[in-house]
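Fit chains B and C to the supplied structure of chain A, relying on the hints for placement.
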Amino acid sequence: MSLEKKTLAGAAALVSGALLLTSCSSAGADTESSGTTADGKTVISVALFGTMGFEESGLFDRYEELNPDIEIQYESTQGESKYWPALQTKLQSGTGLADVQGIEVARIADVVANQSDKWADLSQFETADQVPNYLEWKADAATTADGKVLALGTDIGPMGICYRSDLLEQAGLPTDPAELATAMTDWDAYLDLGRQYQAAAPAGSAWTDFSGGLYNAIVSTEETIYYDESGEPVWDTNPAVREAFDTAAEAGQEGLTAKLEQFNDPNWDPGFASGAFATIACPSWMIGYIKGKAGDAGSGLWNVTSLPGGAGGNWGGSYLAIPEASENKEEAAKLIKWMTDAEQQAEVFTNVGNFPSNTQGIELVGDTTDEYFQGAPIGQIFSDSAQAAPTQILGEGDGVIKTALTQALLSVEANGVSPDEAWANAESEISNQIG
Amino acid sequence: MTTSTTTTSPPAPAGPPPRVVVAEKLTWKQRLFRAEEKGAPYAYIAPFFLLFLAFGLFPLVYTAWISLYEQKLGSSTSTFVGLDNYRWLFENEKFWNSLWRTLTIGVLSTVPQLIFALVLAHALNYRMRGRNFFRISMIMPYATSVAAATLVFAQIFGRDAGFANWVLSFFGVDAIDWRNGDWTAQLAIAVIVTWRWTGYNALIYLAGMQSISQDLYESASLDGANRWQQFWHITLPGLRPTILFTVVVSTIGATQLFAEPLLFGGGTANGGALNQYQTVTLFMYQQGWTFGFLGRAAAIAWVTFLIIILLVAVNTSIARMRDRDPAQAAARRARRAAAKGTR
Amino acid sequence: MATTTAVQQASIAAPMPEGRKRRYRAPDQAGPFTYVLLAVTAFLFIVPFYYMIVAGSRPMAEMNRTPPPWLPGPDLWSNMVKAFQQQNIGLAVWNSFLVSAAITVATLLFCTLAGFAFAKLRFKGRSTFFGITIATLMIPPTLGVVPLYMVMADLQLTGNLWSVILPTMVTAFGVFFMRQYLVQTLPDELLEAARMDGATSTRTFFSIVLPIARPGMAVLGMLTFMTAWNEFFWPVIALNSSNPTVQVALNNLGSGYVPDQSVIMAGTLVGTLPVIVVFLIMGRQIVNGIMAGAVKG
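Chains as they are written, first to last, in my numbering: chain A, 1 to 435; chain B, 1 to 343; chain C, 1 to 297.
Hints listed in this document are in silico derivations from the structure and should not be mistaken for laboratory results. Treat the hints loosely; a few may be bogus.
Claimed, not checked - Subject to a maximum C-alpha distance of 25 Å in a straight line, what follows is the list of computed DSS-like cross-link-like pairs (lysine-lysine): (1) 118/A x 148/A; (2) 94/B x 72/B; (3) 329/A x 148/A; (4) 29/B x 124/C; (5) 118/A x 334/A; (6) 334/A x 41/A; (7) 329/A x 41/A; (8) 148/A x 337/A; (9) 337/A x 41/A; (10) 118/A x 72/B; (11) 38/B x 120/C; (12) 124/C x 38/B; (13) 293/A x 82/C; (14) 148/A x 72/B; (15) 118/A x 337/A; (16) 29/B x 120/C; (17) 118/A x 329/A; (18) 148/A x 334/A.
As the list claims (entries may be wrong) - From the derived model, a few chain C residues whose C-beta atoms are all more than 10 Å from chain A: (19) 29; (20) 36; (21) 54; (22) 71; (23) 73; (24) 127; (25) 134; (26) 135; (27) 189; (28) 192; (29) 198; (30) 199; (31) 277; (32) 280.
To be verified - The following label-pair restraints were derived from C-beta to C-beta distances: (33) 276/C x 188/A: 54 to 60 Å; (34) 169/B x 274/C: 32 to 38 Å; (35) 318/B x 282/C: 34 to 40 Å; (36) 168/B x 78/C: 29 to 35 Å; (37) 44/C x 78/B: 45 to 51 Å; (38) 282/C x 169/A: 58 to 64 Å; (39) 57/B x 72/C: 46 to 52 Å; (40) 44/C x 306/B: 34 to 40 Å.
From the three backbone atoms N, C-alpha and C, an ideal C-beta is built for every residue, glycine too.
So that you can see chain A by itself, here it is in the shape it has in the complex (with noise of 0.2 Å):
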């Protein structure tokens, strides 16, 4: 027995001796569906995206000082438009899968109507009793024909325009919430004063961070969007899309944004804090968002107003739900069921702003105000617009066309593409997908 031979035994002896211990605690690990820690704590483990502030408002380990015999293994994954083709991998092989997971408002349609075999019916567990307090349509969109309760909401995306007092000061425009909102009546109203900030603005600052944001803003105050009720698409004939698409191009193609595609383009979250833009169309969710990005310096110089004419809106949100293939349904739903409870939704509400789906909680959040945005009354603001807001259809392909038209979008700003060619580029790619 040579030495080499010993060696070449050994390393491989050692390296399969620490794969087959990886694979084996791996194996509770990362299928996380059966997983009992080492002192017989069940596991729950949740996959969220982006920032659902749960783990923010430290939710996660109240839960676990409440319930000493649970574990919670928390991740968040990248953008919702990278997490999503994730989770459908991961359902696909049905590994890798967490026992909650969250699923976002344009894709809940999609779910409901492809996949209610692959997620648990929340209606037979604990969960059940949290289904009637909710708004009726959160509910509503995450039900089946048939009755199967396939996803508990979380919050929902009422909408508010955040923008930086200090630069809209330098450029001479006013900057009480009240007052701003006086002087946008309507989208056009809000290009205008764009206009005017362009015309004084520090170099460098654009008047919004992208079109395509402002795209979703503006369709966000309609009940009929991509599908009418009967389920079939109507995007390419609706003309409130055409008309927020029209719009959003003209403010791209006169460089009143800052050509920074949200959540992609790497110099977008600089941009918060570095002034490349003075407004923001801000679902509740973006509060939180803003605070993470503009950190502690941008304290006190951001504020927050309603929409144009004071109209209410809705974009994004998102669900809870659980895999079929989770081995912890009971534990899960539990979990589901108190963090979706009303004193945890508004907690999450005070924390990072994701403006409560359930209606106690809603209740709970109206007088909430927000010292990191001047102290501005963001309860009520974010109510207002819930409460104005329509009753939005959602369908299958939400996700697929929202992301088709944004993209357009872009390419106007950027890149020169005339709105017409960028809405047929669009249209062909979505019939690509949905067609």
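Just chains B and C, lined up with the frame of chain A:
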């Protein structure tokens, strides 16, 4: 130990059993010895071929099969659709766009890369101080992962505070929106590729240069050819097989460009608002794993495979045609050049 | 599967053990121009690493100033800790180590075995098999990725490290590399003598071939390890963020939702550090290995 090794490696694929010849009266031990000797080679190459069958050939053939089906990610059913996926593919301008972008980014990255590598190799071939330092620095980029390199360069090519724009500002160039622009994004990606591979190719060329026979240079310099003439008439022709090889490999590498455009775009598979840097592999990934059309992704994979086969065939036939004993040809040319030089 | 470019790039031809030809003598002393050219290039090749350190050690806001700061700041450690917490970088480094080590060991064993068979053993169909081996070099592994994914999903292996290890346990390049190496270094007489002593081929392999193949295996091992460490495409598809390799974790870092760029850069640094350390220790051997692998035999 020996027996355990033979049993752990898969048995030889049908190695003919030793013919039993009665006359010789072999002992059991001898027979075993013979069998082992005959079977061993097959057992040795078996792991390679079994693994290749399982993870190379089978997936490739299965890809063709899947490409005939409509197969959605996340759903367990699939429908036979014949050649629909291919029809869809050939009618889809995004596919043609991705082929075109693969080509342009490929050219933008490969050509400067190889030329620059040649220059560097030439420089490295001198006797010098710090030889090892320079050589090691050449392959630091190669040791860096694509992901790490791309993340760094994505910041360097930032529009608002990127290092590249800051440097360019000294030359009076306005801030460039690298990511959103058409050619600028391709250029930035080409820079990443070039950065990672130039030094590596330089070392390959250097090795090639050092394997060219010294006699050629000596006789050439005796004939009075200067350094430049020697480079042009001996080094380059002598390197031709190496150059052709790097061209083939870079071509294959370019058809598979993926991580750079993916991460440069911030992790989305669009390759920019105009798909201006969506390579064909990125397009395949987008169809398969972002949109969930595995059948279409399979069709894209097969078409790409055929294109690569074609490219390689063209490349090798060119090589065969022109590459007849380069050393002798080089020597001939060097003598001719030297003769010219002295005249 | 996988182990694409890097190793294939080296596959130009056989390794050449030193001393076979007349030792190469570099032509002339380098002039100042050569030094300048090389120094500038070396600077360009190294500066991104430095950028990583600077950007990973300062708050994002400082990096966004013009001109950017030149020296590293104080936050490197805390940013690294953040990266560890946010994207499982610690687990990722460990996973990458396991995957790369397993792939390297398997590749070395299988490639040396096959290389030995092709180099020195006589058997029916040898040249055909060898021809096939070379031909497989031309098949880009990315293309089989759809069925590979489906099969791994069926086997419930996606998300598991085995899904990344299994397809890469042997490479045609490695077989070719070891064959060329053994053709040139392994004397036939030695094998014949062993045979006379009654050693089986397996015994011969372990007691004679392996010791002689060791320098070649070292080179192949380093290249394989580095390639496996840096493999991106397939791991990104097959693994997910709960059980990542370094490259998968870096992909997640780069895909947004990590609060700031300094953390991204610190994470990148952590993921690259092992390779840099290997380089500082073994840079010369790696260079020689690549060049040896490149010489037309």
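Evaluated hints:
1. Taken as a hint, the residue 118/A and residue 148/A pair is honoured in the structure, with Cα atoms around 12 Å apart against an allowance of 25 Å.
2. Distance restraint check for residue 94/B and residue 72/B: the Cα-Cα separation of roughly 20 Å lies within the 25 Å cut-off, and the hinted pair is therefore satisfied.
3. Annotation: proposed proximity of residue 329/A to residue 148/A holds, straight-line Cα distance about 15 Å (limit 25 Å).
4. For the hint pairing residue 29/B with residue 124/C, the CA-to-CA distance comes to about 24 Å; that is within 25 Å, so the pair holds.
5. Distance restraint check for residue 118/A and residue 334/A: the Cα-Cα separation of roughly 19 Å lies within the 25 Å cut-off, and the hinted pair is therefore satisfied.
6. Among the hinted pairs, residue 334/A with residue 41/A is consistent with the structure: their alpha-carbon atoms are about 15 Å apart, no more than 25 Å.
7. Note on residue 329/A and residue 41/A: the hinted pairing holds, with a Cα-Cα distance of about 15 Å set against a maximum of 25 Å.
8. Between residue 148/A and residue 337/A the CA atoms are separated by roughly 16 Å; this keeps the pair inside 25 Å, and the hint holds.
9. Of the pairs offered as hints, the one joining residue 337/A and residue 41/A holds, with about 20 Å between alpha carbons and a cut-off of 25 Å not exceeded.
10. For the given pair, residue 118/A sits about 14 Å from residue 72/B by alpha-carbon distance, which is consistent with the 25 Å threshold.
11. At roughly 13 Å between alpha-carbon atoms, residue 38/B and residue 120/C fall within 25 Å of each other, so this suggested pair holds.
12. Among the hinted pairs, residue 124/C with residue 38/B is consistent with the structure: their alpha-carbon atoms are about 10 Å apart, no more than 25 Å.
13. Distance check on the hinted pair: residue 293/A and residue 82/C sit about 16 Å apart at the alpha-carbon level, within 25 Å; holds.
14. Straight-line distance between C-alpha atoms of residue 148/A and residue 72/B comes to about 24 Å, which keeps the hinted pair within the 25 Å bound.
15. For a cut-off of 25 Å, the pair hint linking residue 118/A to residue 337/A stands: about 20 Å separates their Cα positions.
16. This hinted pair checks out: residue 29/B and residue 120/C have alpha carbons roughly 24 Å apart, not beyond 25 Å.
17. Of the supplied pair hints, the one linking residue 118/A and residue 329/A holds, its CA atoms being roughly 13 Å apart against a limit of 25 Å.
18. About 18 Å separates the Cα atoms of residue 148/A and residue 334/A, which keeps this hinted pair within 25 Å; it holds.
19. The Cβ of residue 29/C sits about 42 Å from the closest Cβ of chain A, beyond the 10 Å cut-off, so the non-interface label holds.
20. At roughly 34 Å, the least C-beta separation between residue 36/C and chain A is larger than 10 Å, which holds for a residue marked as non-interface.
21. Distance check on residue 54/C: its Cβ is at least 16 Å (rounded) from any Cβ of chain A, clearing the 10 Å threshold; non-interface status holds.
22. Separation of residue 71/C from chain A is adequate, the least Cβ-Cβ distance of about 21 Å exceeding the 10 Å criterion.
23. Listed as a non-interface residue, residue 73/C keeps its Cβ farther than 10 Å from every Cβ of chain A; the least gap is roughly 16 Å.
24. Every CB of chain A lies more than 10 Å from the CB of residue 127/C, the least distance being 29 Å, so the non-interface label holds.
25. Even its closest Cβ contact with chain A, about 26 Å, leaves residue 134/C beyond 10 Å, as expected for a residue assigned away from the interface.
26. A cut-off of 10 Å between C-beta atoms confirms that residue 135/C is not in contact with chain A; the least separation is 29 Å.
27. The Cβ of residue 189/C lies farther than 10 Å from every Cβ of chain A, with a closest approach of about 19 Å, so its non-interface assignment holds.
28. Interface exclusion of residue 192/C from chain A stands, the closest Cβ pair being 19 Å apart, more than 10 Å.
29. For residue 198/C, the shortest C-beta to C-beta distance to chain A comes to about 17 Å, beyond the 10 Å cut-off, and the non-interface label holds.
30. The non-interface label for residue 199/C is consistent with chain A: the shortest C-beta to C-beta separation is roughly 12 Å, beyond 10 Å.
31. Residue 277/C, annotated as away from the interface, keeps every beta carbon of chain A farther than 10 Å; the closest lies near 19 Å.
32. Consistency note on residue 280/C: stated as away from chain A, and its beta-carbon is indeed over 10 Å from all of that chain's, at 23 Å minimum.
33. For the hinted restraint 54 to 60 Å between residue 276/C and residue 188/A, the CB-CB distance of approximately 56 Å keeps it satisfied.
34. The hinted range of 32 to 38 Å is satisfied by residue 169/B and residue 274/C, whose Cβ atoms lie roughly 36 Å apart.
35. A hinted range of 34 to 40 Å for the beta carbons of residue 318/B and residue 282/C is consistent with their spacing of about 38 Å.
36. Evaluation of the 29 to 35 Å hint for residue 168/B and residue 78/C yields a pass: the beta carbon distance comes to about 33 Å.
37. For residue 44/C and residue 78/B, the hinted distance range of 45 to 51 Å is satisfied, since their beta carbons lie about 49 Å from each other.
38. The beta-carbon spacing between residue 282/C and residue 169/A, approximately 59 Å, falls within the hinted interval of 58 to 64 Å.
39. Our hint of 46 to 52 Å for residue 57/B and residue 72/C holds, since their Cβ atoms are close to 50 Å apart.
40. At about 38 Å, the beta-carbon gap between residue 44/C and residue 306/B stays in the expected band of 34 to 40 Å.
When the structure is compared with the earlier hints, no violation turns up for any of them.
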